Structures are given as C-alpha cells and as structure tokens.
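Colleague: Here is what each chain is made of, one letter per residue.
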Amino acid sequence: MLKSSALAWLPLAIRSANRVLGDQQPMTANGGTDPYPIPWLDKNGSHNQPAGANLEPSHIYHFKGRVARCSTFTGMGTDNQGNRIAFGSPTTDYGVMQGEYWGARAAQQATFTHI
Amino acid sequence: MFRGLAVPANQIHDFHPPIAPSGLYWVVPVPERGLAISPDGKTFTLEMQNVPVVDQPRWPALDSIATPARMTFKMVWKSTGEPVRYEDPSKHFRFIGTRASCQLEAQVEVPSIGFSWKSDPLNTSKSDFALIGEEVNGRYYDI
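As given, the protein sequences belong to chains B and U, one line each in that order. No gaps in the numbering here: position 20 of the first sequence is 19 in numbering that gives the first Met the number 0, and each next residue is one more. No gaps in the numbering here: position 3 of the second sequence is 2 in numbering that gives the first Met the number 0, and each next residue is one more.
Hints are computed from structural coordinates only; laboratory data are not their basis. Errors might be hidden in some of the hints.
Using 20 Å as the maximum straight-line C-alpha spacing, the simulated SDA-like pairs for lysine to any residue come out as follows [what the hints assert, rightly or not]:
#1 U:K117 - U:D39
#2 B:K42 - U:H15
#3 U:K117 - B:T91
Quick caveat, the model's predicted, so the values are computed rather than measured.
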C-alpha cells in the first residue's frame with residue numbers, strides 16, 4: 000500500500016521533467032577546455048608558480064610545449080600627470096606557454112601567458 | 000608600480016588578470032600571432048593589446064579592491080645559449096632550455112580613475128632571471 004502510494008507520483012514527475020528538458024539538445028559532459036593549474040600551492044595559498052632556479056616554468060598542468068619565463072623586472076615609466084613611476088620587483092614575473100595541454104578529456108592546442 | 004623603493008609600503012598599482020574559477024593564476028589566452036618565435040627558436044616575442052586586467056594596489060591582501068584596467072605590452076626573451084635542465088619526478092615536470100634575457104615595454108590604463116602609464120622603451124628595462132625552452136608536466140611527463 001505504502002509502495003503504491005509512494006510511486007504514484009512518478010508518471011507525473013517524468014512528464015514534468017520531459018517538458019523541462021525537451022528543448023535541450025544532447026551534449027557531451029567532459030568538463031571545460033580551460034587548462035588545469037599546477038596543483039601545488041604557494042605561500043599565499045594560490046596556484047601561483049614563483050619563477051626561479053629549479054622551479055617549474057609553466058603555470059599549466061598536463062602540458063607539453065614551449066615555455067618562456069622571467070622575473071625580477073626593473074624599469075621606469077611616466078603616468079598621465081607626468082610623474083615618473085618605477086615598475087618591477089623581485090616578484091614581478093611573466094611567462095608564456097605554447098603547445099598541447101589536456102582539457103575536456105582531450106588534447107588541446109593553445110598559447111597562454113601569465114602576466 | 001612603486002613610488003620610491005620597490006617595497007610593499009610603496010606599491011601604488013598592481014596589474015594582472017583575475018584568478019580563474021579553476022584557480023588558474025593570472026593566465027590568459029594569447030591570440031593567434033601574439034607570440035612570435037624566431038626560426039632558430041632563440042628569440043620569443045610576445046605582444047598583446049588591451050588585455051583586460053584588474054588593478055589591485057593592495058595585492059596580496061584578500062580584501063584588495065580590483066578595479067578594471069587594460070594592459071598593452073611587448074616582451075622579448077633572447078636565449079643566452081647557457082643550457083638549463085630542471086626536473087622533479089615527484090612533481091612530474093621536466094624543463095630543458097637555456098637561460099635568457101628578457102625586456103618589457105608596457106602601457107596600462109585604469110579608465111574609472113583616469114590613470115594611465117607608459118613605460119620607457121623596451122631596451123631600458125631588464126629582468127634578473129629568464130629562461131626559454133621546452134617543458135613537459137602532468138600526464139605528459141610519463142608518456
């Protein structure tokens with residue numbers, strides 16, 4: 000008796016779900032193609048890769064390709080008020096990664112920069 | 000950017016892309032032809048215009064306000080030829096390349112506060128650490 004009552008709503012629920020999903024096209028569900036961060040965290044709890052000797056140059060995990068990395072910039076510039084303002088510090092770092100990475104369960108090709 | 004010495008108390012602007020929902024840190028796609036690599040592989044030139052970034056002067060404070068900004072830049076890496084190899088099997092990465100020099104010129108704008116800044120020419124900047132080369136990591140490390 001209880002079973003029969005408990006299941007009595009099912010046909011209505013299925014019809015309702017079909018109405019909601021009726022307009023949607025079949026699709027894959029493999030995750031996004033955004034690259035994965037390097038898993039290890041830095042001292043601030045972020046997926047940031049410091050630049051330096053024996054440290055990994057890429058910011059993307061599951062990656063193979065060309066990389067360039069740099070840090071500890073120094074330079075000068077001028078703002079729109081004519082003030083001379085320096086840029087760069089030991090943590091001012093940039094990088095570029097070009098090649099293949101793994102995303103959405105497949106190999107992807109792209110170029111990314113860390114700025 | 001700093002007024003005076005490059006110490007946190009003197010920082011007046013800090014420009015970078017937002018952190019992605021995945022945790023990917025200050026990384027943005029480079030448009031086609033944004034990166035030019037010389038035929039001998041010894042010079043990388045990266046140029047991008049009007050990249051959406053944020054200005055967070057109080058970075059890395061968690062409550063640092065992020066103001067929308069734009070950044071245009073050119074960066075040039077040149078290999079010195081000195082070989083470098085970094086590998087850490089426990090972290091599944093291997094880098095093989097060379098040391099390099101790197102120079103940068105850039106412009107930034109923060110429209111909402113009427114601020115803009117332009118660096119001196121490329122050849123007046125320098126970085127104390129730079130590399131170019133090839134890397135494998137993650138699933139590709141063991142293949």
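Colleague: Does each hint hold? Answer for all of them.
Modeller: Hints versus structure:
Restraint check for K117 of chain U and D39 of chain U: the C-alpha separation of about 31 Å exceeds 20 Å, so the hint is violated. Taken as a hint, the K42 of chain B and H15 of chain U pair is honoured in the structure, with Cα atoms around 18 Å apart against an allowance of 20 Å. The suggested pairing of K117 of chain U with T91 of chain B holds, with an alpha-carbon distance near 17 Å, which does not exceed 20 Å.
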